[in-house]
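Visitor: Chains as they are written, first to last, in this note's numbering: chain A, 1 to 356; chain B, 1 to 323.
The reader is advised that the hints may include incorrect statements.
Unchecked claim - Distance ranges between label pairs, derived from CB positions:
1. B/Gly-304 <-> A/Gly-273: 31 to 41 angstroms
2. A/Leu-30 <-> B/Leu-6: 25 to 35 angstroms
3. B/His-190 <-> A/Val-160: 46 to 56 angstroms
4. B/Leu-75 <-> A/Leu-30: 47 to 57 angstroms
5. A/Trp-211 <-> B/Trp-255: 48 to 58 angstroms
6. B/Ile-272 <-> A/Trp-211: 46 to 56 angstroms
7. A/Ala-311 <-> B/Leu-4: 45 to 55 angstroms
Claimed, not checked - In silico negatives: residues of chain B with every beta carbon more than 10 angstroms from chain A:
8. Leu-8
9. Val-39
10. Ile-101
11. Thr-108
12. Leu-130
13. Val-143
14. Val-159
15. Gly-181
16. Ala-193
17. Thr-196
18. Arg-233
19. Arg-273
20. Phe-305
21. Val-320
22. Glu-322
These are computed hints drawn from the structure, not numbers from a lab.
Even for Gly, the Cβ is constructed at its ideal location relative to N, Cα and C.
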Amino acid sequence: MSGLPRWAELALLPALNLLLALALTALLVLATGGDPVAALTALAMGSLGSADAIGYTLYYATNMAFTGLAVAVAFQGGLFNIGAEGQAYLAGLGVTLAALHLGFLPGLLLVPLAIAGGAAFGALWAAIPGWLQARRGSHIVITTIMFNFLAAALMVYLIVNLLTPPGSMAPESRPFPAASALPGLAGFGFPSSAPVNLALLLAVLAALAVWLLVWRTPWGYALRVMGQSPAVATYAGIDQGRMIILVMALSGALAGGVAVNELLGAQHKLLLGFTGGYGFTGIAVALMGRNHPAGVLLAALLFGALTQGGAELAFEVPDVPSEIVVLIQGLVILFTGALGNMLRPALARMLGRAGG
Amino acid sequence: MVALELILPILAATLRTATPLLLGALAGLFSERAGIIDVGLEGKMLVGAFAAAAAAAVTGNVLLGLVAGIGGACLLGLVHAYACVTLRGSQVVSGMAINIIASGLTATLALAWFSQGGQTPPLPPGARFLPVTLPGAAALAGVPVLGPAYAALVSGQTVLVYLALILVPFSAWVLYRTRFGLRLRASGEHPAAVDTAGISVARLRYSAVMVASVLCGIAGAYIATAQGAGFVRDMVAGRGYIALAAMILGGWRPWPILFTCLLFGLLDAVAIRLQGVAVPGIGAFPVQALQALPYLLTVVLLAGFVGRAIPPRASGQPYVKER
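If we strip away everything but chain B, and leave its shape as in the complex, we get (with noise of 0.2 angstroms):
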């Protein structure tokens, strides 16, 4: 029973730090599965964030924030789009540039509209997504083991959990069982095969941009209106990076990113566990350690010392019709 509440929380946790990860992950998926790089994962679930916290603090209703926040994160999604797709730009580029837009968009609007230093103001519990509890929860509780695992796991999340951990089957199937998936993942693989077929990679390819946005919008609806209660500078933290780590490390397949985000998101809550507990012999706990194994990773799977990481292998190219 000991080591049921040392776990339980820690798997809690890891479900909510895994989150954020997976719907930023999801949306590399779809962007890079058509064709289109996305480093730029950081700068919208950024804009996501703060655009979900200013208008749930100027509203008060959390799904209106949640709606500017998908709303914000599009219309960078839009600029790179726009870039990648119609100007043929540099993928890598445009998307650095979004994420360090974002950073300083944010701040300054943040500064501009709520004059608190950058952030705004704390939102009240009404304004944020809060833990809902399922049914059933309280005629489990007398059950030991199941009990406390359903209210700690199963139930007690925010509704954006159970959105992100549906969206994996249901991408999965939008990839693979639908036309517009495939015709999706063709215009990744070879889209000259897409345009033969009368079939327009430009419009594919925005579309897949938008869908990424989305829920990258979402993913930093989660972690200003959700996980946190408000938006401070920068507090997106490298997550859309490790998203795209995870992404890369699922191989560009959904299932796979449901495993890694929540390897990552466990990897995180352990390290928040054993903060400043001593180890024999070593003394603190590297925790850094832990936060770089993602990082890690990510490299020796690229290099090919463990697995192959293939790329969709159009990613990165830019169309051009032909006429």
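Next up, chain A with everything else stripped away, as it sits in the complex (with noise of 0.2 angstroms):
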């Protein structure tokens, strides 16, 4: 629609995209005193400078391609699924029924079966708003809102009443059987105290799998047709209600993601608030990876760098906290969200004139 070439519109808007947040962040620690050099050297080092670190960042980076794929499938279908973090949640309380439930099972057996439990719970709690959208006309974006706090309060509720154990004073599970424990990646030369875990080949995995299933089979095109035009889905004969639950119960499922990595990868026992706002990183992160699987891939990368290093840049950089990043993920939903139209009739006329 907007005349960009294509590696245009794909990599060099994101890229300008991301240095805009990331100029108007610096702005902000320049102007309140701080320095930018400093804090984004901080950044930089604390999320890349060691192999702990980069351990770190990709643990962070499976979350947020597990929530950052859920939102672009949803997206690719033209629904916006703000959801993520609610069923991330719920995910989490499958995982845990299964791995408590289960545990005389071994690992082999255990752990397919958690994170098929995972993936159940959070498709489950997807596909409500995707039926309630579909079947009774309200409205997705509203629905998986007051879905988040309908999880939280659920959660809250089972954790804090029937799943902490009598006599403990921290609301969270017992401990999981230590067959349910997804192994780390110390045979790849990371340091064992890196919580990254073989959630992150699952999460490239799932990658592949949603991008084979979107743009490799009739489901996925017929995905798009809707996501595109849902009157021209309509003429074709696509049965709209049916693809809106599948695709939310999908979303769902690939958010559950994020419990796997959480709970069976790291924790190992299931905490209040696990899910952390990764749910909201993974809008940042669809945006910012034009919807598609490898760019998510590469966004969640970046954004798992980016708090990664922001967690170091709080201990190193006095005055500058490790929100920042928070800040900079909104603006990059900003940017490449909502102001997607700012700097696009720019570049076309630079672009154009370059070109001939």
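Could you use the hints to bring the two separately framed chains together as a complex?
Guide: The following block contains the structure:
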């Protein structure tokens, strides 16, 4: 629609938007008397400066890849799923129930079952808003926002009242059996202190599967038709209600990957609020990655590095908190999502002039 | 009399908790009636809260705090209007971006300016909105029932509570009885008609978003300088979203919005009261059930199981002027 060449639309524009977000943040640091160069260096060193740091970066990136894929898949169908946070939270319940109640099984059976449990709970929590939109006409954005809060209330109740072992003060479930643990990636040269684990490979496989499903199957084609023009989809005889419910279920199942990475890969118990806002970061990741699995993986790496770097930054540079990364994420969503048309005309003019 | 002593504090707390919801929901009302979806209420309230607390802490003047809170929310509102009206970007994405930016920005600025772990210094009484005692409270004090009720409910609230309540009839008057209101509602229902009449849809929508921002700024100032005594990280704590839910449940109309806000306020007040109270057969009272009720009600209403929620017809759609 913009007349931009493909490479500019896919690479140059996102890069420019990211630079803009970083530049604004640097200006803010400068304006409040901080040192933006030191902050940026701390960000880079903190995220990529050691094998341990890279291990943490990849660990965060795994969460964001899952939620980014969840948001992107729904976007391909024209649906804005703001509920990845709640879906991931509910998926934690599925993972936990499987891990605690099937603990007698060997790891080779237990881990896939726990993953399936997480995916199923995430899928269900997303399919309800999908069903409500498809069959009852309520708007998916509002419903998924409400479902985030419903998930939070439900999980607080379940964790505090039912899952916390009697006598324990900390609001968390009892530890999972050792067999449910996803192996770490020490074999790939990461120190055992880094929480990166096999879920990283699962995320990459999930991205590949999403790409195959959305771009290489009739179902995926129908999904993209629906996303680009519901009218055409109706004319083509696509059952949109069914598509909406299915794609939301898929989206929720993908969001459930956060629970797999966090609970099976690192924490080995269910914690209050373990989703830590990754569902919302997924929006930034999907927008930055242009709703394509490859783009999502790259954007997840970037935001994973920002998160890890931000945590280190808070130690290295006084008076610059790790929340500055949240600001960068918000700016990226603003520039790539809502202000997408800001740079495009000028860029198209510049490239048009240069090209001939 | 015992019942009165139990009920009055809950009702007074209801008014206090309903106020930020009411201000936020009225903000959403103006914006969405003009056709601009506002899921960024939360973010604008948060920035309003921070700016108000920061200014009040530095100057010691609560009115300057209020002005700063309004100003901060308006800056975000300008971004939202620019993204939605001028650039015709996605209104929901812009609102979400504003919420996330507000969360990161306020925490960053709070630490950079005050170095107190992301908070503003606690505000002294002079830099806060304090409850005002209305005339007659002393005279009625001796009267049974009426005296305590007057003292707890009518008198003894902060100025902003009265302001929020007055804004309900005022909003209804503006929306339904003024030319501006008619045009504003028209640009949310059928913008092309507004355009045909030679009135700028863009200007109307900009002003609606700015009205919403002012109200969000007041709501934020209330949270940080009347209800609280200073800014704490993410202190709006989802009330922007509850305001959104109240606006939807209120059917995008001022008076029903007042009732949904009071209902949500009451739920909150009762939930706080019942925290840790044991119920026979269940054990500790499930406070979460009460806290989840606003969201559940909204979902049920939107799904059309009870009543119907009909948003302004053109809300969410960017208007492209014909050439």
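Visitor: Please settle this one: B/Gly-181 was flagged as non-interface, so is its CB more than 10 angstroms from every CB on chain A?
Guide: holds, 25 angstroms
Visitor: When you look at the beta carbon of B/Ala-193, is every beta carbon of chain A farther off than 10 angstroms?
Guide: Holds: least Cβ distance 24 angstroms, greater than 10 angstroms.
Visitor: Taking C-beta pairs only, is B/Val-39 more than 10 angstroms away from all of chain A?
Guide: B/Val-39 is in fact no farther than 10 angstroms from some Cβ atom of chain A, at 7 angstroms.
Visitor: B/Glu-322 clear of chain A by more than 10 angstroms, beta carbon to beta carbon?
Guide: holds, 19 angstroms
Visitor: CB of B/Gly-304 to CB of A/Gly-273, is that within 31 to 41 angstroms?
Guide: holds, 33 angstroms
Visitor: Beyond 10 angstroms from chain A, beta-carbon-wise, is B/Ile-101?
Guide: B/Ile-101 is in fact no farther than 10 angstroms from some Cβ atom of chain A, at 3 angstroms.
Visitor: Verify the CB-CB distance for B/Ile-272 and A/Trp-211 against the hinted window 46 to 56 angstroms.
Guide: holds, 49 angstroms
Visitor: Examine each Cβ of chain A, and state whether all of them lie more than 10 angstroms from the Cβ of B/Arg-273.
Guide: About 18 angstroms separates B/Arg-273 from the closest Cβ of chain A, which puts it past 10 angstroms; holds.
Visitor: Can the suggested window of 47 to 57 angstroms be confirmed for the beta-carbon pair B/Leu-75 and A/Leu-30?
Guide: violated, 19 angstroms
Visitor: Just want to verify: B/Thr-108 was marked as not at the interface with chain A; is every Cβ pair farther apart than 10 angstroms?
Guide: violated, 5 angstroms
Visitor: Using the beta carbons of A/Trp-211 and B/Trp-255, state whether their distance is inside 48 to 58 angstroms or not.
Guide: Given range 48 to 58 angstroms: holds, Cβ gap about 52 angstroms.
Visitor: Would you assess whether B/Leu-8, listed as outside the interface, keeps its beta-carbon beyond 10 angstroms of every beta-carbon in chain A?
Guide: holds, 28 angstroms
The structure does not agree with the numbered hints 2, 4, 9, 10, 11, 18, 20 stated previously, though it agrees with the rest.
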